[in-house]
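For chain C, the structure is supplied; the task is to place chain B on it using the hints.
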Amino acid sequence: MKIEVKNLYHIYLKDTPMETLALDNINLKIEKNEIVGIIGKSGSGKSTLIQHFNGLLKPTKGDIYINGQPISSKKNMNVTSKIGLVFQFPEMQLFEDSVYDDIAFGPRNLKWSKKKIDEAVNWAVDEIAPNLKDRFEDSPFKLSGGEQRKTAICGILAMKPRMICFDEPTAGMDPASKKDFFSLMCKLKKDGIQIIFISHNINDILNYSDRILIMENGLIAEDMLKSSLKENIEILNKYELDLPDVYKFSKYLSRYLDISPIHEEEKLNRILDSYLINS
Amino acid sequence: MIKFDNATKIFNKSTIGVKDINIEINQGDFVGVIGPNGSGKSTLVRLINGLYSPSKGNIYVDGKNTKKEKELEEIREKVGFVFQNPDNQIVATTVEDEVAFGLENLQLAPEEIDKRVDKALNYVNMISYKRKLTTNLSGGEKQLISFASIIAMETKYMIFDEPTSLIDKFGRNEIIKILKKLKKDKTIIFVSHFLEEIFISDKIIVMKEGEIEFFDTPYNLLNNEKILKLIKFPLPFLLKIVKKYDLRPDKYEFLHVVKKLKEKIDENRS
Chain C
0 MKIEVKNLYH IYLKDTPMET LALDNINLKI EKNEIVGIIG KSGSGKSTLI QHFNGLLKPT
60 KGDIYINGQP ISSKKNMNVT SKIGLVFQFP EMQLFEDSVY DDIAFGPRNL KWSKKKIDEA
120 VNWAVDEIAP NLKDRFEDSP FKLSGGEQRK TAICGILAMK PRMICFDEPT AGMDPASKKD
180 FFSLMCKLKK DGIQIIFISH NINDILNYSD RILIMENGLI AEDMLKSSLK ENIEILNKYE
240 LDLPDVYKFS KYLSRYLDIS PIHEEEKLNR ILDSYLINS
Chain B
0 MIKFDNATKI FNKSTIGVKD INIEINQGDF VGVIGPNGSG KSTLVRLING LYSPSKGNIY
60 VDGKNTKKEK ELEEIREKVG FVFQNPDNQI VATTVEDEVA FGLENLQLAP EEIDKRVDKA
120 LNYVNMISYK RKLTTNLSGG EKQLISFASI IAMETKYMIF DEPTSLIDKF GRNEIIKILK
180 KLKKDKTIIF VSHFLEEIFI SDKIIVMKEG EIEFFDTPYN LLNNEKILKL IKFPLPFLLK
240 IVKKYDLRPD KYEFLHVVKK LKEKIDENRS
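Listed in order, the protein sequences are those of chains C and B. Under numbering that gives the first Met the number 0, read the first sequence as residues 0 to 278, first letter to last. Under numbering that gives the first Met the number 0, read the second sequence as residues 0 to 269, first letter to last.
So that you can see chain C by itself, here it is in the shape it has in the complex (with noise of 0.2 Å):
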């Protein structure tokens, strides 16, 4: 699937006082599987690009090309399907009686037969939390935060989409269930499917994307590849976001011990050993 997006303007309440400018001119080429990454400061305009992948927004200015075609067009709207959109705090939107109804509630509107529907669903579990089946007939209310959060990333899976935007999916989710998450993330990929997240940890960021977006002001400033990242790993102080851990420290320590700035903690590992250990 290729997604181009093309002079893309979003102005929020345009025309009053509140007047705010989202995106300002957003130029942007995905046609690779691969896994993009885009980090920026809050307000700085990643939720709301992602929001016009699938058409929950509409451009105030430019439009977004799937496949070459115009999501504006009408013929496009079964391709904006194609495209999951997991929102923050997904678990917010469950609403149905059981679980097993929620997870089916985007296939049903895809008019499918029950079978496929059936088959869906049990793939999506299967791929993302199999305990949810015991839970099928409880209601998703019943169920804790991560594993509403997971029911809600199911029901979006069960619709087979061949993108998938992630907006901050690990967000209030413990360590090991955020491994899990990014674990199965690269799952997703590697079956093709292509994915967009947003994260606001640079660690995440670099551990797990292949391409990096920095937004700031409604603006994609950066637009590089992961190793371009790490070797220009500075540039993250221009648009006051964190330097990763590892770096960072060896960073620090820097200025104590004859060693440059690294990424790799093994590395550093053997560095520090080699001080307090080995000696």
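Rather than coming from a laboratory, the hints here were simulated on the basis of the structure. Hints are not guaranteed to be accurate.
[To be verified] Listing some non-contacts, in silico: residues in chain B with all C-beta distances to chain C over 12 Å:
hint	residue
1	18
2	86
3	140
4	179
5	201
6	235
[Claimed, not checked] Going by beta-carbon spacing under 10 Å, a handful of chain B positions derived as facing chain C:
hint	residue
7	25
8	38
9	194
10	257
11	261
Computed from a prediction, not measured in an experiment: that's the story for all the values here. Ideal Cβ positions, reconstructed from N, Cα and C, are used throughout, including at glycine.
This is chain B only, laid out in the frame that chain C set:
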């Protein structure tokens, strides 16, 4: 003082929220609460201001029982609460009205309200947002407004239920700074998923399946293999370093840890 006296909360007759809780939180304490999803952290803190009533046992705030309706009113004036998702508690259209909302309910004089709103917004560095619409704020900005609303109420106890989960790291640092400032004269209970954050607390509660498994200092948590294994939380990079080289930094922050490490290396050389 907040006292849990054998408190249990059961939902829908069978699901255990928290079980047999017996703890005391003293005035001036800064207590962090951590544990996996569904371990009962939110239930625990919601029992304190009576959002949930215990199915068994009692919770007392300064000797008042949350089960008694009249006493609960007094408790709620003393206990401020910030939720995980600020959308659940923002009610007003503008930032200014949002921060003033609780104060109006306290029937304070308009001049006093104005004064407290400005003070609280300055406290969280959001004074320039005073006249903005709350609907236009990002998640992180909304959370800072929720903080200001509670700060303006000047409550003795403050509960923060995962206040940072929506905020970027830069904003999180701001929040942590604010929490540290509040630490000086408030009693704070702070729920977080971030081990590195919870280490700003004086004492840490670790929860698992509705029970309190650990209630002790951050240093002792770091050296308690059993508990760390139980909650399956991988240590963040900085804490791994602290643990591995048995450092005792004044604060669990990068600069402090690097300084201790340097001292240790110097000792080793001499």
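Numbers of unmet hints, in rising order: 2, 3, 6, 7
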